[in-house]
Structure formats: structure tokens, C-alpha cells
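S.K.: Going down the list, the sequences are from chains A and B. Here the first sequence stands for residues 1 to 205, where the numbers follow the working numbering. Here the second sequence stands for residues 1001 to 1386, where the numbers follow the working numbering.
It should be emphasised that the hints constitute simulated quantities derived from the structure, not laboratory data. For glycine and all other residues, C-beta sits at the position ideal for the given N, C-alpha and C. Be a bit skeptical, because a hint or two may be false.
Some chain A residues near chain B, calculated using beta-carbon distances under 10 Å [stated by the list, open to error]:
| no. | residue |
| --- | --- |
| 1 | A120 |
| 2 | G132 |
| 3 | A162 |
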Amino acid sequence: MSTSHWPQWLSLTTVVVLGAAATLAGVTAWKSAVMSGHAVQNFTLSTKAVNDANALAHDSERNITSERQLFIDYQYALSAPDKNRAASIFGMMNPNTRNAIKWWNAQPAGDRPLSPFVSANPDWSAPSIVIGVQASLDRADEYLHEAKSDLSQANNLKFLSAMLTIVLLASGLTWTFESHKARVTLLTASIVVFVMCLIGTWWFW
Amino acid sequence: MVVLVSRARFVAAALVVASMAFVAAACGGSGAAKPRVASTAATAVCVGKIAVMAPYGGLTALDSIQMNWARVAIDKYNLDHNTSFTIEPSNVDFRPEDGVREAKRLAADSEVVGVVGPQTSGVTEAVGPIFDAAGLVYVSPSATRTSLTDGSLKNFFRVVANDSKQGPAIANFIVRHLQPSTVLIVDGSETYSTALALDIAHRLTQLHTSSKIVKVQLEQKDYSAAIEKIDSTVNVVALPLLLATDGARFVKQMHAAGKFPEVIGSDMLFVSTFDVPGAYVSTFAPDSSKLAAGAQIIRLYQSIFGAFEPFGGPAYVAMQVVATAADAACRRDGEVTRRGVLSMVPQVRIPRTVIGDSVAFDVHHDLVGAKVRIYRIDAQGYVEVG
């Protein structure tokens, strides 16, 4: 293989294309790896958020059931009347439930709802807990969506990296042809693919 | 490997180095991961009570629906915006005297910075002057009487269409879809019902359709006298009634008497209590269970309260309006005051609410672009027909 009879511009262009394609291939591969990492991170966060939401939902359901049962027992003890038992049950309640019952007891008889666990009771905490669970699930959805997007981006960049490797190979093969026309054609094709990859990299960055 | 002139080699090398430097510079900014978890301020500074004047704790048709929706709205708002607004319940149904008593209590409570409600036009007329004097803004999710926004109640806003739209909408629907010969309009003998009955009758007259009005009382048990007015010429009955239980009872007694005209109810009958298959109801709130916009909130609502009632959707929006205004006033003034909230409500803009519409107020404090919809009740629930 000899290059001494090549036009200078052809040699220079080939070198530039080879260098730029190699660099861009490396960069896209690196970016693809970064995006894959982000995807894994987001999948993990999504799973964690779902687990958190499930745990929170489980706790809130247990608390809601427990507070209702304790309230029924408390009312039953009060009407027995068994003040010691009522005080004991009241002591077993969590502070939020105690506050909810205090609010309920403070309502005028005519306005008092049938239960303390109603939306009008500012001290009833169940709605905000359920909203917290939902927010956690929404966060999980967001992470999952981002993970999918990152993964898609990583795959696209991987494809571009592969294309750039082909450009690299094609540019390298330019040296093996004797025909000037063949060399120019191959180099032109390499440049076209390179430019497309460059645009693709910018687009998918 | 390649023999090149030195200048060309230099240029090539320079280009490669430049491109690497460019890429390296570009990469420098991209390596940092975006923050994934929203930061939380140490303490929420925006506090205040937002009263909700609506019935709760009982077993009537509309009981707790608006309170439930408002509660979901305020808790969601607090979570999303790191505020600490609390709900102040005010148990008032359609009795103005209860409203006046409660309005005085709320006006005297300096922590109350705004009000969601009242539910009905009659109560709104009664409590309006008290709230106006106290500098409290009150945003109703269901008071529709047209005259409420004629300027006499200066701090009143509403997030639903008024009866100047509802009456004609009902009459237009009757004429276009129900082939009426004569329409019997049942007037419930209170502020809301009487005004709406007249609006419907007026529009029917304009459309050259015969109608007659029959008066009944709130919570009347026996409608036989009114049902007798449904003679062979009457093939449509309009029920602009305040209580869904009254509407359901009227239809039941009418069917028991062997009379089966087409039935169309007003917005207060847009609840599951008025369960009359084949009947029509008008509403200022769409059935949000069929809208994507409110899907998340409906899931929340059902998780907390079980059965879903679309009637209450505007209460969520009304609470969103007051909370948004209070939050904005807090950020502007450093504290939440009645005056601040009142000044911010007219500027509230919500591009898309849980009931699918947007929120902005006109100079009369009515909702811009408010719509009235007509639904048919069938086995699958509500079907929008107009």
C-alpha cells in the first residue's frame, strides 16, 4: 500500500474522518454507558418507591383498621360504663387517633358526625397518609418512565457507536483501493454516515 | 504509516485534538446526575385555616360529598406545595339560619383566611353580607343562582356555571331532544328552585313550547297534588329541586300513579340518590370518573372514602382556588391574611382542573367559560348527551 500518489487533500480528509469517527464512537459509547447507568439507577429508585408505597399503604391500612376497632371498643367501654377500660383503650391509641377523638368529642351534639374518622375532622390523618402513598406511587411511575427513556437513549447511542465503528473501518479501507474514484466514493460514503451519526449523537445526547 | 507534508499533519492533528477537546467539554456538563428527589424545606411557613361550609356527618344525599372532595384537595395541596393549611369544617346544608350562625363563628375566628362554600344559593344570600363585612373570600362549588354575582356580594366567587346558563341549557335540551308537548316544571319553593324554574319556563316560552309550573315544598312527603297536574298533554317533567331525595320521591310517586313522562333534573340531582334510569340531569360538573384529568384524584378519593360522587368535583376546584390564593398571598406578603387571600383569588389561573376545565374569573367573579352538561342516567352510570 502506498500513499505517495494520493492527493494531499484526500489523505488529510481521511485522517480527519478517521480521527473524528474514532473520537465520536468513543464518546457515544461512553454516553451510552452513562445512560444505561441512569436507567439502572432509575429502575432501582422506582422499585424502592413502589416498595416504600406498599409498606406505607400496608401501615396505613393497618392503622386505619386499628383506630376504628379501638374507637369501637372505646365507645363500648364508655357506654358500659367502664371508665378504666376506656382510659386504657384511649392510652393504646396513637396520638393522631386520640386527637381525632378529642375533636369529635368537642363537637356540639347536633353537629357531631357519626364517627371521628370523617373528612371534616382536621385531626384525622388518614387522608394525608393515603395521599402520601399515592405520591410515592406517582414517584415510582416517574422513575420508571425516566428509566425507560434513559434505556432507549442508551440503545440509540449504542447503535450510533456501532455505525461509527463501521465508518472507521470504511475510512481505513480507503487506503487499500488503487482507483482514485473508488477511494473518493468510499470516503464520501464514510463522511455522509459520519455526519448522520454526528447529528444522531446531538439528537440523542 | 502515512507520509504527509508537515503542515497537513499539523492541521489534521489540530482538528482531532480540537474535536476531542470539544467533546470533552461537552461531556463535562453531562456527567452530573440530576437531583431525583425534591428537596423539602425545613418548615412550612404558610399556615391558616380554610373553612368548608358544607353538610357533613349525616346521612342525606349530598352529605359529606363536598367536604370529602375539599379535604382531598387541601391535603394534596399541602403535600405538593409544602404548606400547612388546615380545614375548618362548618356544617351547613340548605338552611340559611344555620349558615348565618356558622358564618358569624367563622368571621370571629381570626385564623380562618378563606371559605369554600356555601353549598346552596339560599345560604349564600344569607351569609354573604357577614363574610363580606369580615373581609373573607368565599368560593362556592355549587351555588348557581344568577343574582349572586350581580355585585351585591363583593367577596363571592364560584367555580361553576350559573343558572343563566343552566335554565336555558335544560330548556334547549328539552326542546331539541324530548319532543315536548307541555312541560311541567316542579318548583321547590326556595331561592334556588324558584329562580331556576322561572329561567326554564322563560326559555321554553321563547322556544314556543308550552309549560306550566307547579309548586311543592322542601322535603314534602306526598306529591299527589302536583302529580295530578301531569295530564295527557304533559310528556316532560322538569325537576329543578334542591334535594335529590325530593326528586327521587317525586318520580317514585309519579311512576306509582302510572305516569311515565320524560324526566329531567337540575344540578342538585346529579348524585346517586337520584337513581332514575332513563332520566336526564343537568350538571355544572362533568362526570370526572370518565375524564383522564381527574383519574389520579379519583383514585385517591376512592382509597379514602370509597364510593365516588362526581357532584363534589367542583369542591376540589374551589379548595384549590382558595389554597392557591392563600399560598400566593403568603409568598408575596410573608403571611396569610384575609385581605391577602381576597386580593389573590381574582388572579388565580388553573389551566386544567380535575374536572377537565380551566379556572379564571371574570369581573363578576363568575367562572370564565363555564359549561352546563346534560347526562342521561343508565345502567352504566352517567352518559353525556348534551
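S.K.: Taking the hints in turn, state whether each one holds.
M.R.: Structure-based check of each hint:
At its closest, the beta carbon of A120 (chain A) sits 4 Å from a beta carbon of chain B; the interface hint therefore holds under the 10 Å criterion. Interface hint at G132 (chain A): satisfied, since its Cβ lies 7 Å from the closest Cβ of chain B, which is below the 10 Å cut-off. Restraint check, A162 (chain A) versus chain B: the minimum CB separation of about 18 Å is more than 10 Å; hint violated.
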